[in-house]
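Trainee: Chains A and B supply the protein sequences, listed in that same order.
Our numbering numbers the first residue of the first sequence as 7 and each following residue consecutively.
Our numbering numbers the first residue of the second sequence as 72 and each following residue consecutively.
It is worth saying that the hints were derived from the structure and are not from the lab.
Accuracy of the hints is not assured; some may be wrong.
To be clear about the criterion: a stretch of chain B counts as covered by chain A if any three or more of its residues have a C-beta under 8 Å from a C-beta of chain A, and this derived list gives those stretches [said to hold, decoys possible]: (1) 209-221; (2) 238-251; (3) 312-319; (4) 357-369; (5) 386-398.
Ideal Cβ placement from N, Cα and C applies to all residues, glycine included.
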Amino acid sequence: MSDLETFRAETRAWLDKNCPDSIRTPMPEREMPWGGRNAKYPNPDTKIWMDNMASRGWTAPTWPAEYGGGGLSKEENKVLQEELARIKARPALTSFGLWMLGPALLEFASEEQKKKYIGEIVRGEIRWCQGYSEPGAGSDLAGLQTKAEDKGDHYLVNGQKVWTSYADQCDWIFCLVRTDNSVKHDGISFLLIDMDDPGVEARPIKLISGSSPFCETFLTDVKVPKENLVGELNKGWTIAKRLLEHERSMISGMGMGAGAASMGGMEAVAKENFGTDGERIADPSIRSAIADHKMDQQAFGLTMKRASEQAKAGQGMGAAASMFKYYGTEVNKRRFELLLDVMGTQALGWEGEGFDSKELAVTRSWLRSKGNSIEGGTSEVQLNVIAKRVLGLPTA
Amino acid sequence: MAFVLSEEQTMLRDMAKQFFSEQVPVTNLRKLRDDESDDGFDRDVWKQIVELGFAGILIPEDLGGTGFGPMGIGIVMQEAGRTLAASPLYSTAILGAGMIMAAGSESQKKDLLPQVAAGELLLALAIDEANHHNPLNIAMTATKDGGDFVLNGEKRFVIDGHTADKLIVAARTSGTSGDAQGISTFLVDADTAGVSITRTLMVDTRNAANIAFDNVKIPAVALLGGLDAAYPELENVLDMGRVCLSAEMLGGIETVFDTTLTYLKERKQFDAIIGTFQALQHRAAEMFCEVEICQSVVLDALSALEERRNDIPRAASLAKARLSEASRLITNEGVQMHGGIGMTDAVDVGLFLKRARVQAQMLGDANFHRSRYADLGGY
Numbered sequence: 007m008s009d010l011e012t013f014r015a016e017t018r019a020w021l022d023k024n025c026p027d028s029i030r031t032p033m034p035e036r037e038m039p040w041g042g043r044n045a046k047y048p049n050p051d052t053k054i055w056m057d058n059m060a061s062r063g064w065t066a067p068t069w070p071a072e073y074g075g076g077g078l079s080k081e082e083n084k085v086l087q088e089e090l091a092r093i094k095a096r097p098a099l100t101s102f103g104l105w106m107l108g109p110a111l112l113e114f115a116s117e118e119q120k121k122k123y124i125g126e127i128v129r130g131e132i133r134w135c136q137g138y139s140e141p142g143a144g145s146d147l148a149g150l151q152t153k154a155e156d157k158g159d160h161y162l163v164n165g166q167k168v169w170t171s172y173a174d175q176c177d178w179i180f181c182l183v184r185t186d187n188s189v190k191h192d193g194i195s196f197l198l199i200d201m202d203d204p205g206v207e208a209r210p211i212k213l214i215s216g217s218s219p220f221c222e223t224f225l226t227d228v229k230v231p232k233e234n235l236v237g238e239l240n241k242g243w244t245i246a247k248r249l250l251e252h253e254r255s256m257i258s259g260m261g262m263g264a265g266a267a268s269m270g271g272m273e274a275v276a277k278e279n280f281g282t283d284g285e286r287i288a289d290p291s292i293r294s295a296i297a298d299h300k301m302d303q304q305a306f307g308l309t310m311k312r313a314s315e316q317a318k319a320g321q322g323m324g325a326a327a328s329m330f331k332y333y334g335t336e337v338n339k340r341r342f343e344l345l346l347d348v349m350g351t352q353a354l355g356w357e358g359e360g361f362d363s364k365e366l367a368v369t370r371s372w373l374r375s376k377g378n379s380i381e382g383g384t385s386e387v388q389l390n391v392i393a394k395r396v397l398g399l400p401t402a
Numbered sequence: 072m073a074f075v076l077s078e079e080q081t082m083l084r085d086m087a088k089q090f091f092s093e094q095v096p097v098t099n100l101r102k103l104r105d106d107e108s109d110d111g112f113d114r115d116v117w118k119q120i121v122e123l124g125f126a127g128i129l130i131p132e133d134l135g136g137t138g139f140g141p142m143g144i145g146i147v148m149q150e151a152g153r154t155l156a157a158s159p160l161y162s163t164a165i166l167g168a169g170m171i172m173a174a175g176s177e178s179q180k181k182d183l184l185p186q187v188a189a190g191e192l193l194l195a196l197a198i199d200e201a202n203h204h205n206p207l208n209i210a211m212t213a214t215k216d217g218g219d220f221v222l223n224g225e226k227r228f229v230i231d232g233h234t235a236d237k238l239i240v241a242a243r244t245s246g247t248s249g250d251a252q253g254i255s256t257f258l259v260d261a262d263t264a265g266v267s268i269t270r271t272l273m274v275d276t277r278n279a280a281n282i283a284f285d286n287v288k289i290p291a292v293a294l295l296g297g298l299d300a301a302y303p304e305l306e307n308v309l310d311m312g313r314v315c316l317s318a319e320m321l322g323g324i325e326t327v328f329d330t331t332l333t334y335l336k337e338r339k340q341f342d343a344i345i346g347t348f349q350a351l352q353h354r355a356a357e358m359f360c361e362v363e364i365c366q367s368v369v370l371d372a373l374s375a376l377e378e379r380r381n382d383i384p385r386a387a388s389l390a391k392a393r394l395s396e397a398s399r400l401i402t403n404e405g406v407q408m409h410g411g412i413g414m415t416d417a418v419d420v421g422l423f424l425k426r427a428r429v430q431a432q433m434l435g436d437a438n439f440h441r442s443r444y445a446d447l448g449g450y
């Protein structure tokens, strides 16, 4: 047996023993394993599964074992993911620490910081949120004004962050702060702040979809120890950009995940609502719009696949992250607009009688999708990035 | 890996790129047009294409070809598309050779394919009878008359129809227009009595013809494939044609995009390089995304052919629909961003615009393939 086959057999046996049965079922949103100090576990198996996986570092399978990660090779991780998919296991941990902060810490943080924070992330002990945008710094993120003053043994932080995801439920926040007023990009630093510290307050923002996944976060005279600075002083922008790449690739994939599954049903709904002409949807413009959209999705999926094959072959596709963020989110928004056309008034219910839960979910998801082309850099910002960095068009 | 070229394919691409850019640049097409060339292509160029082995690229080695397969011919067509190179490659080496390989008897293959690979036999596929491509709508008849067939009807928009030595003609031996059953294909010498070929001068200065068949008597051995049953093979060959055409269109839009981008970096107005204007930058970035997507659908469709996947029709329609739409967008933007100079015959962008619209109509436009894609999806 090859090493990989041995690894597969051992993994399979271990998962058989350590993945509870209830974890092998579809996951309701309230059972999402976000972790953190104040985590609630409506299903106790969620916590057991998280701890079991974390004990082997498999919540972050490819991160170095010395900091608490799984230390697996790409090939081993592929086997692990296949075995997890085989038993339909839920993710053991969903977290911004895993998706965004961790990779940046591994690249930029000091040895002590990696030892402390990476382990906490892997074990799901700390739930992180991102403190980037401000009321006056959206697309022009580098215009941020939240300031961190050097007070000898600590930084004194004052300012306001906005669009901090789930900040009201998070434990720590990774923040971009201004440490030099005389320059723009080169006056920004990357700071880690404990949200239990005095002076930190998070208030949820109600969105057009009715939900409140984002907060405003106020920082008033917050004392932050100096050892919480990641990387060099005034070099935070480099880290911020790298983190945004992780965020962009995460968001562009959204259209292909949960959303893509509902696509299968769109033709059926159209047939029901508009009637049929043989096998065809009787309304030719709806039929044509659905075909157009499905072609867009297939073409986009093929392009993602091509990018990953080319990356493996060592041929980069340029600013792929910006292209995918732009195209993926625009396709996703068009999908919901098309669903509205196909479903008619049944996609416009808010709550209560007359609509089933799937229909109500379409309404809310349609509204939520509007944010896809705004968060993580607007579509317009992505086009700027492509124009300047890929096409080399000059700046005025 | 389907999306990454092998070493051999990369070498082929480099060879084709060098050949077309050096030996058949856009000036070659301008010369054919300005000289009012009777052939509509350059026989010396064709000889070189044959010497490079491109004419026999789909034909197996034992029949005189190079056996490089669909990915190979797609790579060559993409490079040919970059310079608008006119040659019988598409009509003869792809559609013609493809049809003989798919439907021909052993003796037809042994007789004809080596001649195609050697560049000695030019072919043209005669399908359409109306203003839009629709291979099921064949009304032209082939009636049995003793040991012969008699052809009657008209074909439109036959690519390279007036220069072909042999025509491959789709006609109805039973059924009515719209039926797949009842379509047969025939090999007809272009100089057979009753065949009248009228060259039509198209906007892209490339070859096409209308052909009338008036009681054209051909022997039974001219039947290519099964009686009444040629449609499945025909459709496979049309799909290969659609994908190769998409590859050629890709080469065209890549050239237009690169040329336009260069212009945006050079042209000055209001004391500024126009490429600094955000209105143009965003449109350029959108075109870039479109070109990337086009590369993906073309490569995927070529791999579908190469690997004989069962989703060839879907991949072919996706590619042809996408490239037809994208080439419209990019050639329109190319002209617009060049401004007044883009309207002149002096720059090439207008030639690409004209070629793109003809390509879009060939073997089905975006509407045709969008509808076919939906049919294949069961809606």
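Trainee: Determine for every hint whether it applies to the structure shown.
Mentor: Verification of the hints:
Closer than 8 Å: that is the beta-carbon criterion, and the stretch 209-221 of chain B has 0 residues meeting it against chain A, so the requirement of 3 is violated. With 0 residues carrying a beta carbon less than 8 Å from a beta carbon of chain A, the stretch 238-251 of chain B misses the three-residue requirement, and the given coverage is violated. With a threshold of 8 Å between beta carbons, the proposed coverage of the stretch 312-319 of chain B by chain A is violated, since 0 of its residues qualify and at least three are required. With a cut-off of 8 Å between beta carbons, the stretch 357-369 of chain B has 8 residues touching chain A; three or more are needed, and the interface restraint holds.
For the stretch 386-398 of chain B, the stated coverage by chain A is satisfied: 3 residues place a CB nearer than 8 Å to a CB of that chain, which reaches the threshold of 3.
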